[in-house]
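Protein chains in written order, with this note's numbering: chain R, 221 to 607; chain D, 221 to 607; chain V, 221 to 607; chain S, 221 to 607.
No lab work stands behind these hints: they were computed from the structure.
Note that identical chains are pooled: a pair holds if it fits in a single copy or bridges any two copies.
When the alpha-carbon atoms are kept at most 25 angstroms apart in a straight line, the in silico DSS-like pairs for lysine-lysine are as follows:
id, residue 1, residue 2
1, K455, K442
2, K444, K595
3, K278, K300
Take a look at the letters that make up each chain.
Protein chains: 4
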Amino acid sequence: MIYGEKRVERPIRWAMVGGGRGSQIGYIHRSAALRDFCFELVAGAFDIDPERGRDFGKNLHVAPERCYPDYKTMFAEEAKRDDGIEAVSIATPNGTHFEICKAALEAGLHVICEKPLCFTYAEAKALQSLAEQKGRIVGITYGYSGHQVIEEARRLIADGALGEIRIVNMQFAHGFHNVAVEQNAASTKWRVDPKMAGPSYVLGDLGTHPLFISEVMLPHLKIKRLLCTRQSFVKSRAPLEDNAMTLMEYDNGAVGTLWSCCINSGSMHGQKIRVIGEKASIEWWDEQPNQLRFEVQGEPVRILERGMGYLHDTALQEDRIGGGHPEGLFEAWSNLYARFAEAIEAKEQGKQYDFWYPDIYAGVEGVRWVEHCVKSADLGGVWIDYE
Amino acid sequence: MIYGEKRVERPIRWAMVGGGRGSQIGYIHRSAALRDFCFELVAGAFDIDPERGRDFGKNLHVAPERCYPDYKTMFAEEAKRDDGIEAVSIATPNGTHFEICKAALEAGLHVICEKPLCFTYAEAKALQSLAEQKGRIVGITYGYSGHQVIEEARRLIADGALGEIRIVNMQFAHGFHNVAVEQNAASTKWRVDPKMAGPSYVLGDLGTHPLFISEVMLPHLKIKRLLCTRQSFVKSRAPLEDNAMTLMEYDNGAVGTLWSCCINSGSMHGQKIRVIGEKASIEWWDEQPNQLRFEVQGEPVRILERGMGYLHDTALQEDRIGGGHPEGLFEAWSNLYARFAEAIEAKEQGKQYDFWYPDIYAGVEGVRWVEHCVKSADLGGVWIDYE
Amino acid sequence: MIYGEKRVERPIRWAMVGGGRGSQIGYIHRSAALRDFCFELVAGAFDIDPERGRDFGKNLHVAPERCYPDYKTMFAEEAKRDDGIEAVSIATPNGTHFEICKAALEAGLHVICEKPLCFTYAEAKALQSLAEQKGRIVGITYGYSGHQVIEEARRLIADGALGEIRIVNMQFAHGFHNVAVEQNAASTKWRVDPKMAGPSYVLGDLGTHPLFISEVMLPHLKIKRLLCTRQSFVKSRAPLEDNAMTLMEYDNGAVGTLWSCCINSGSMHGQKIRVIGEKASIEWWDEQPNQLRFEVQGEPVRILERGMGYLHDTALQEDRIGGGHPEGLFEAWSNLYARFAEAIEAKEQGKQYDFWYPDIYAGVEGVRWVEHCVKSADLGGVWIDYE
Amino acid sequence: MIYGEKRVERPIRWAMVGGGRGSQIGYIHRSAALRDFCFELVAGAFDIDPERGRDFGKNLHVAPERCYPDYKTMFAEEAKRDDGIEAVSIATPNGTHFEICKAALEAGLHVICEKPLCFTYAEAKALQSLAEQKGRIVGITYGYSGHQVIEEARRLIADGALGEIRIVNMQFAHGFHNVAVEQNAASTKWRVDPKMAGPSYVLGDLGTHPLFISEVMLPHLKIKRLLCTRQSFVKSRAPLEDNAMTLMEYDNGAVGTLWSCCINSGSMHGQKIRVIGEKASIEWWDEQPNQLRFEVQGEPVRILERGMGYLHDTALQEDRIGGGHPEGLFEAWSNLYARFAEAIEAKEQGKQYDFWYPDIYAGVEGVRWVEHCVKSADLGGVWIDYE
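Work out the full structure: start from the sequences and follow the hints.
What follows is the structure, given as structure tokens:
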């Protein structure tokens, strides 16, 4: 149970690139980072418009001289300060992640990066090497994975409660972009522009979320080959897809599906994962994130609830309030940011830690998966080996 | 609203092949057929064990002399009677459907046949020709399609409430056969024996149900090509599958998925269909068959309920009790059997009728779809044209 | 599991009073009675309009000469026949139940009567005496109680799975009469006329249903005192109530609530019962009648499903199809009618039986409860002893 | 939409009394207050054990010299500082609220107080007078009321979407205290001790929450009289109740029920409110706080979702992330604390504001309601006028 006591000796000095006024994702980064003294927001290059960025920073109580016009200036100027930033979060359009992440690592900063880490597997591996070489933490904000019952699922599966894993069904299928909303919404516009969004839209923007959750729940399962088809139902989005279906075969003989979609009219989020084993299944839905269905064949379905004593210890330790009270997405992100902070502190102090978080390898894996999906789809929806 | 008054001038004289003691499916056939004076059970070849079949028939108040040892005898003997049977239902293992159906049609009987109609598209087309030539009705018991809100969905879609159709997601994925229950359960044993079950297990046994519902809801949508993968997670079932995923492309550019599965541990039925249009989606789940979700993008989800005045007239006319009271699968079947009876009467009287029911063409289509799925799967999960 | 084989040696010769064309309740009586050869409909006084009743009977294949203009004629004429009726169902407006039931018993008939049995406790006791004296069965159509998971709840409670019972919360609160629909709907009109409906509307029409379910689940719990308030939100309904809340204290120290309402706008049925014990609770909702929530404190909620092997034997024996397939209200009624038939046969043959059904004592209890509620409410909502 | 920009010119200097290590409620106060620069935690008397309190404060980065042994010292010492506290939150056992709240107001502080404000209506009115006289804000943490769809319900009702209000059904009925957990849990122990908890347990601890939500949704509805019964099913809790049912009559003729319970075995929170009008109903459940059911009689039920454009503007302005993403209880509290801060700033600057929050009058009303309930119950469950 978390009571808000500090998790690291002192808050980590932290900045943001992007995430300025009007950015929902920027706010959830800050809300999570600043919780419980994990990070301290001391600088930022919040906005492509420096003036607006400075005004925004002021409203976050960031000193005006540390509201920078761009990330390069920020990294350079902060490096000169004794109390310069130690970590940076990147919440800019996808097309800029690679260069900013690279620059941050080269500047010796720890990085928290929005997914996707970058556009190509080669780039991703390069960032991985750089992070390893520099000894820096890279966290990826697969925020949903921070919900505590995801950990419970991981532990149930590790205990063998499901038996041999056979099927993994995933989806992230919302309906908010059923028409060309990007014509009026800047926040969507760049997502359907290959220059800014990269080689895919919904595969990268949506699909990688449940994919990472599957990696958390099923750390030993490896994709052997996959097949993907994708469509642009709103035609102006081509070549980027607004719907995709990926089939996967895993090395243990299990199979998987992942439906990525932003034109699922009338659906809210529609992010779900169902892991089916020989004996039992678990199912989780991100719109009711405090519950986990545990379904043993031949027994009544059980609804597991966050915060209850029957859960595994590791699924309880990040509770902020008792069961029955709904925690939400902000708590999931807070859990991850606290782990980012603890990982950074441990790295700085040369200590070990025994918790997982969406790290550079998760980031690399997401890029790799999208790359394979796009390749399969562009070849006409054929099976390709996962390598 | 139905009050139980007769739907046909006199009950149609009717017999069953199979469906004896211990057959759940046999009972639902009888329960539906005998409701509201549509059919009258006057004969039967209920059981492969003639003695047991006769005893069973006695408990259904069938005259002992009309409890026959086999269908051939029954067709022959009944043909000699002035009051001989006019229609027969076939509820035997799949491998016998073709020959019994063929014999029944040749005997001039109307037929209600369990799905699958037969094993091959060629056989199916032969039965279709025979039925057309003989002027006999063939009904297929895609029983779930008789739920009234399926008709409501059909009408909503026809009205354009969803806009252009983009995605059709279907599943019938239960968990009852997660292990080799067939080793102890005769009712499952034949289902995993290719000789008795045909070229597939779950594709034919489960998948064709939501497939037919999609045909009811979307009569104009035609499959252009499909891809299927299938697995035998219980290894002794090979070559028959206990899990399959089918991807479909339709002629209007829409795409579809159909998940057929009997190893979905912990799930009850898991039969669902979601039709996604440009403007809205509808979703139906057979375990709560009185409800239909209608989800217009940008509006609150609406839960439509059977029996309510806001539904289309044709979705109300088969109600047997007011909204709020749950009707179940028996009512869905009763609706179909009543239509079978009315279609038979109309056919006999040379009259037209304006209602749909799962007819010979639906039966042919199911066989055709399974054949294509199996072919695709056996080629390694490749796209094949639907022809 | 029921396969439709006969439950009684020969179908009981049966008639209806009321329940003619346009009566939903009439149809569910017939649909249940005629199922599986329990009863045979041979006569009727279906309608207050003899001509319409005869036409209706004809469509039920009842011989025209046995379609009677009124119940008195029917009882008299049938008594003259060797093959005269043995049992009769009464589906007329409430105000006529007493006299018809009395006449039927005096004619030596077994009776199935719609609730309420009559209007006063004194009358009810008189009918009870008459039934005992005549040795006839009186069944009351508390139809919801026939759902199999009600029996499961009864058995779970008998097993002590809930521990000491503390609270029983009940409701039957629909919204269909939020405005004065009775001005246009004959089927509602009589319900709000004290002459026809008796001393109450929703208490008797709705509240007695979950009350009886509580009696089934908790046979040993006895009401000690109760308090009731009632309102007529649609003013023209006064003195009959369209909303009522009853508080109860039981002899073991438990407490109960029962909310009866027909102005619960937007609600479908809203019939629920929750029994709370020291260790666990169960909850049932009649709109999803195949499920039973079983909630052990400190454990995950379990959703019990009809038809599953983990249920008690007696909760499985009336299944008509496997779990996962929804049974509906018609099956619940069929279960009760089958027990009525078996009880009648046993009574005629002087045999014992070991099953429960809503009998004359249940009918008496419902009348008694309404009488106490009305008295309490009319005294201003005060506690009155239950005697 | 909230992006985290400051809501007040500068964070309000703030302290806590109570809420130390091991206090869940303490954490949610801090988490809400510290969000988005509304308050700054500069002092505290966190714990009855000064040493432990100081250690705890240190982990919250509170200066050691401002971690006080008790509230009196804190108020006295802080008053001497130029940068002394301006506001204080009280998260101590109920029995101390009155004296601390009084002392804080007398020290010129703004107060945020856990409910109940105090034990008697007379005390509550005294605090109200003191707050008015001192010109200080008193906020009460009816935290659930901060969920945005509560505001939506308020606006829908104000618009007349429900028509005349007829029934208000409320409950807060969890199962966590089905046995005498207080024997092992200090956090529960004081709640069942009249000295510490006051005249009631669940009425005050639970029932006042949905009561306040009803006041938010229905500002014009006034209780005319009420009746309450209460029980101590865990006998050692007597005279404090662990279950209570309150019936209410409102001045417009509407009626209400409020079920307060901590022995509802197997239930998680069970906090719900349903407001039934002539035309429609709304229903809200705190375990799925992002949804609001809107049920118009004769139309399909609509599920309203937080964050969607069809909601009222005032129900959207506190969103922190788009619809579909679950916000939780922490956001609801954050919304209230932000309003507390804005109200404090407005009060200090002599400005008006046009938003509601649970203020001193809400606190007084809760105490008044509990006092009436207890009185009714102790008189045997009789109607008493609400005055």
